[in-house]
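Numbering (the numbering used here), first residue to last: -11 to 225.
Just so you know, nobody snuck in bad clues.
Within a straight-line C-alpha distance of at most 27 Å, the following computed DSSO-like cross-link-like pairs (lysine-lysine) qualify:
#  : residue 1 : residue 2
1  : K69       : K96
2  : K204      : K69
3  : K69       : K180
4  : K69       : K220
5  : K204      : K180
6  : K220      : K180
7  : K96       : K204
8  : K171      : K220
9  : K171      : K69
10 : K204      : K94
11 : K204      : K90
Read the hints as simulated data drawn from the structure, not as lab findings.
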Amino acid sequence: MRGLRSEMREARDEKRETRCEMLETRDEMRETRSEKGEARREKRETRDEKADHSITQLISYSITQSYKYTITMISKIRYIKHLVIHCSAGYAGRDGIERFWKERLKWKVPGYHFLIEVDGLIHQLLSLDQVSNGVRGYNQHAIHICYVGGVHPNNVHLAMDTRTEQQQAGILNCIFQSLEWAKQFQDISAIKILGHRDFSPDKNGNGIIEPWERIKECPSFEAILEYQWIMKRGNSI
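Between the sequences and the hints, there should be enough to build the whole structure, so can you do that?
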């Protein structure tokens, strides 16, 4: 009998140990879940911080004032009617684009006032009081802003809105800088912000450049719709 009672006590002790081990395992699992939850929260906080940083830096990217062209500064102020958004329709950087203008097109001045790299770096290629070669027939009263890209990475013949978050912020930066500059000399409430393709002929005369009327897809997104909120602010910018 004593032997049987001893075995029963040992069995109970083993059960208690097993329950203790199970409780410890559950505690460890809770701690692991808690750690994973904290890791997820930290990731979310990091993403939120990045988003906040992106928003707060929206129009504060530095501009590289680097002029490779010989520019004679003039005192005559241009009256601005249009801010024109472009895409480069490729992924060459500043040097490649400028080489194309000079060697292939034989241009003496750049095609844009601003060029925005994929990482958001902004190059000012031309003083705003100078005329660039952005849109034939409209350059005298226009400021031209271009982002690198605008086509499928594997097919340059396929238009695509490839703007990075940094480029979107960079375009806004250039828009506001251009408006602030023009505001010194004129009423800016009538300035229009539009894409290169919006200068295509309105063949049916309905006042809207429809997809079938476009002579090109540049800048590969609806610039008029995207930036109309800016011009609604008029001179309060």
